[in-house]
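K.L.:
Listed below are the residues making up each chain.
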Amino acid sequence: MKQDTTHKTFNLLWLQSGGCGGCSMSLLNAESPDLYQTLALANINLLWHPSLSEASNQQVIDLLNDILNDQICLDALCLEGSVIHAPNNTGLLHKFAGTNQAMKYWLQALVEKARYVIAIGSCAAFGGITAAGDNPTDATGLQYDGAKQGALLQPEWRSRADFPVINIAGCPTHPAWITDTLLQLALGQFSQDCLDEFNRPRSYTDHLVHHGCPRNEFYEYKASAEQAGDMGCMMEHRGCLGTQARADCNTRLWNGSGSCLRGGYACINCTAPDFENPPHAFGETPKIAGIPIGLPSDMPKAWFVALASLSKAATPKRVRDNALADRVVIAPQGKGRKV
Amino acid sequence: MTRKILGPFNRVEGDLEVHYEAEQGRITQAWVNSSLFRGFERILIGKAPSDALVYTPRICGICSVAQSVAAARALADAQGLKPAPNGQLATNLILACENVADHLSHFYLFFMPDFAREVYQTKAWYPVIAQRFKAQSGSAMPEVLKARAEWLHITSLLAGKWPHSLSIQAGGTTKTLEMQEWLRLQLLIRQFRLFLEKTVFADTLESVVSLSSYTELNAWLEQHPYGDFAQFLQLAHDLNLFALGRGYDQFLSYGAYAYQNQYAFAQSVWCKGEVTSLDTQGISEDISHAFMQGVQRVAHPQQGETVPHLEKENAYSLCKAPRLYQQVMETGALARQLIDGQALIHGVVEQFGGTVATRVIARLIELARVVLAMEQWCQQLQLKEAFCTHGKLPKQAEGVGLVEAARGSLGHWLRIDEGKISHYQIIAPTTWNFSPRDELGQAGALEQALVGTVVEDEGAINVQHIVRSFDPCMVCTVH
Numbered sequence: 000m001k002q003d004t005t006h007k008t009f010n011l012l013w014l015q016s017g018g019c020g021g022c023s024m025s026l027l028n029a030e031s032p033d034l035y036q037t038l039a040l041a042n043i044n045l046l047w048h049p050s051l052s053e054a055s056n057q058q059v060i061d062l063l064n065d066i067l068n069d070q071i072c073l074d075a076l077c078l079e080g081s082v083i084h085a086p087n088n089t090g091l092l093h094k095f096a097g098t099n100q101a102m103k104y105w106l107q108a109l110v111e112k113a114r115y116v117i118a119i120g121s122c123a124a125f126g127g128i129t130a131a132g133d134n135p136t137d138a139t140g141l142q143y144d145g146a147k148q149g150a151l152l153q154p155e156w157r158s159r160a161d162f163p164v165i166n167i168a169g170c171p172t173h174p175a176w177i178t179d180t181l182l183q184l185a186l187g188q189f190s191q192d193c194l195d196e197f198n199r200p201r202s203y204t205d206h207l208v209h210h211g212c213p214r215n216e217f218y219e220y221k222a223s224a225e226q227a228g229d230m231g232c233m234m235e236h237r238g239c240l241g242t243q244a245r246a247d248c249n250t251r252l253w254n255g256s257g258s259c260l261r262g263g264y265a266c267i268n269c270t271a272p273d274f275e276n277p278p279h280a281f282g283e284t285p286k287i288a289g290i291p292i293g294l295p296s297d298m299p300k301a302w303f304v305a306l307a308s309l310s311k312a313a314t315p316k317r318v319r320d321n322a323l324a325d326r327v328v329i330a331p332q333g334k335g336r337k338v
Numbered sequence: 000m001t002r003k004i005l006g007p008f009n010r011v012e013g014d015l016e017v018h019y020e021a022e023q024g025r026i027t028q029a030w031v032n033s034s035l036f037r038g039f040e041r042i043l044i045g046k047a048p049s050d051a052l053v054y055t056p057r058i059c060g061i062c063s064v065a066q067s068v069a070a071a072r073a074l075a076d077a078q079g080l081k082p083a084p085n086g087q088l089a090t091n092l093i094l095a096c097e098n099v100a101d102h103l104s105h106f107y108l109f110f111m112p113d114f115a116r117e118v119y120q121t122k123a124w125y126p127v128i129a130q131r132f133k134a135q136s137g138s139a140m141p142e143v144l145k146a147r148a149e150w151l152h153i154t155s156l157l158a159g160k161w162p163h164s165l166s167i168q169a170g171g172t173t174k175t176l177e178m179q180e181w182l183r184l185q186l187l188i189r190q191f192r193l194f195l196e197k198t199v200f201a202d203t204l205e206s207v208v209s210l211s212s213y214t215e216l217n218a219w220l221e222q223h224p225y226g227d228f229a230q231f232l233q234l235a236h237d238l239n240l241f242a243l244g245r246g247y248d249q250f251l252s253y254g255a256y257a258y259q260n261q262y263a264f265a266q267s268v269w270c271k272g273e274v275t276s277l278d279t280q281g282i283s284e285d286i287s288h289a290f291m292q293g294v295q296r297v298a299h300p301q302q303g304e305t306v307p308h309l310e311k312e313n314a315y316s317l318c319k320a321p322r323l324y325q326q327v328m329e330t331g332a333l334a335r336q337l338i339d340g341q342a343l344i345h346g347v348v349e350q351f352g353g354t355v356a357t358r359v360i361a362r363l364i365e366l367a368r369v370v371l372a373m374e375q376w377c378q379q380l381q382l383k384e385a386f387c388t389h390g391k392l393p394k395q396a397e398g399v400g401l402v403e404a405a406r407g408s409l410g411h412w413l414r415i416d417e418g419k420i421s422h423y424q425i426i427a428p429t430t431w432n433f434s435p436r437d438e439l440g441q442a443g444a445l446e447q448a449l450v451g452t453v454v455e456d457e458g459a460i461n462v463q464h465i466v467r468s469f470d471p472c473m474v475c476t477v478h
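Residue numbers (numbering that gives the first Met the number 0), protein chains in the order written: chain A, 0 to 338; chain B, 0 to 478.
This is chain A alone, in the form it adopts within the complex (with noise of 0.2 Å):
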């Protein structure tokens, strides 16, 4: 487990607060190869992750330990799960184990080790889910508070490598978000111009989740879901958020060949800040006058509507009524077909 110092290896160190695991869960899915020898191919060497690691108790407050006195190179810090904050500052709310202490202590002293800090999930990266609600633990990100740079890490910030927090936002995250990113920083191939303006990777953040979503043709005609499992487009009234959300979920795809959306359910635009505390209901679309709020982000308004009224009214049969089934009940017919 302990590393040499001469630092061949990419040293990576996975630590988990308040969050549910589900992103390291979800890295186990990693295909082709499995994860283990995805991380192999540039040399990432995992000193300790939670649920992967053969050491328990002493051996990982030591392997920290050696750590903080610099005996073992820490590459990159992972943590999985928001960073607590109550009751009070003090962070007790999440001890970590055996050694009580609160891990928000921990963390202060370990990313000021660590060569690159990588926030894992929305949680991680922003709050997430554990700062929902009235945020009964005062969860907050890494470096961001929401959308509002400045957190447990100050937003002038930056690890040893000169960057800020890395963060792979997400719920849960895609396995090839981070290994992609993993590879990246191991090989040599990450720089800033890699993150976009929440300090996410560019790799899968130029993407929308509209991207490849199969329910395409709907949302051209506006042809449009009312109940669950309908194959309408669900951006009017079943609030998916997927033609803002920054991902390429509908073009990489989860566990083979699935997404939210090809699951029949609406994206909920997991990664970004404060996708938590939508201000109704997630599965409802708001509306003004009966058009969304929440457009297409760079698209005006006023030619939305235009165009989303001509194309309703173009919409073809085929189209409506599929819009508002459990499955196709009319199928596209060819010009040589015979009805």
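Because the hints were derived from the structure by calculation, they are not lab data. Where is the CB? At the ideal position from N, CA and C, for every residue including glycine. Hints are supplied without guarantee of correctness; some may be wrong.
16 Å max Cα-Cα, derived EDC-like pairs, lysine to aspartate or glutamate [claimed, not checked]:
#1 K391/B / E283/A
#2 K46/B / D416/B
#3 K46/B / E283/A
A few chain A residues that face chain B, going by a derived Cβ cut-off under 7 Å, partial list only [claimed, not checked]:
#4 E30
#5 S52
#6 F281
#7 K311
Given the coordinates of chain A, assemble chain B onto it according to the supplied hints.
P.N.:
Okay, now just chain B, sitting in the frame of chain A:
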């Protein structure tokens, strides 16, 4: 007398600390401390009822679907909605997929690597076990990661993704299965069955589930010594894991995999050989030793509250203590298979009680039984019929959602006032198993199972085995 604190435990999904006192190398008393609080029961207050389907799966990344199902059932109960039969079957398939993946992960990734530790290097079986099960590098790891990842492709067909799907609704599921997806589903189950039959059992699933006694199990082991299950049984005999970590022998199952008012695995309560029907009114949570304050020290979850208070005297865990008519219950695969009357599990519990070996055997027998059941559910799907029914939630209602997660009995209790969630309480499987003491001073199930354990080595390896034999999920425990 020695007193010791163990932690952080890894391979337990979340934060766990165990304190114990030992005399002459044996544990006399143990205290289990869950050290992370997030407060989901408070986060949910004031939210739209349907939002529970977004928040509660995110309690836990490893039993996310089970949390979804509990929330969906509570919402269905609140509006008196009956799910579509296809929706029930699809829900069972998604939940079974998760539970099977969890049992597999538990055996290979969380539990077996402890036998590849250096403390066992003088054992005759050590070289083989270490080569196969060493954490991260064992020869089983690439095989299992591949089988697990491909198995979870089932969720892409039925639920969009795993973890954290929104496909499970009060009335069924949002994904209508098309013919080609139905075929793909069967192929994925088939492929996984072949993996189990080649790698885990080295025998057919039918043969494994028909084992009906401890004697038969041992005879089977003689003839099928090559699978990973057999490797475990051999070392379980050598280390006498059949006698390690015996708890109260009081078991609870809410009943698993509901379809048309029947459970695939029965619901009831089993106390030292006596079977009684479950009365959920007898469930309470006790906060006498939890870092929680409340008007009542003991409350039914429809009345309970969750207010952390870290300065409380005599408290030592953020976990509350659930009890059924003041009795401590153990829950999980062993409870389910015992209560369902699976003959082998019934036999080994009669003989040894709930112990490290019997808990692990039950998990693997259940793995085989669930995959066989999934093949049946595929055949029962009526592809031309609906997968979801629709209802309307009343402005004011109460609901209960009970489900069996991989780790055992999970319940959600909710109340809706003026169209918003006004009350939400959750009792997770590990809340039962890893509870602290109650006002009567009764130790929780794990705390009791640790008493009498021999601890001679620095890392207290026996404690590690006992803790992990419950397959704890600490993020669920306190939520």
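K.L.:
Hey, does the E30/A contact hint survive, CB to chain B under 7 Å?
P.N.:
Status holds, d = 5 Å.
K.L.:
Next pair to validate is K46/B with E283/A; report whether the Cα-Cα distance is within 16 Å.
P.N.:
Distance of about 13 Å is within 16 Å: holds.
K.L.:
Would you check whether S52/A satisfies its interface hint, that is, whether its CB is within less than 7 Å of any CB in chain B?
P.N.:
holds, 6 Å
K.L.:
Within a Cα-Cα threshold of 16 Å, do K391/B and E283/A meet the stated pairing?
P.N.:
Holds, because 14 Å separates the two Cα atoms, which is no more than 16 Å.
K.L.:
Does the nearest C-beta of chain B fall within a distance shorter than 7 Å of the C-beta of K311/A?
P.N.:
Check failed: Cβ of K311/A comes no nearer than 24 Å to chain B, outside 7 Å.
K.L.:
If you take the shortest Cβ to Cβ gap from F281/A to chain B, is it below 7 Å?
P.N.:
Holds, because the Cβ-Cβ distance from F281/A to chain B comes to roughly 5 Å (cut-off 7 Å).
K.L.:
Hey, K46/B versus D416/B, does the alpha-carbon distance stay inside 16 Å?
P.N.:
holds, 11 Å
In this structure, the one hint that does not hold is number 7.
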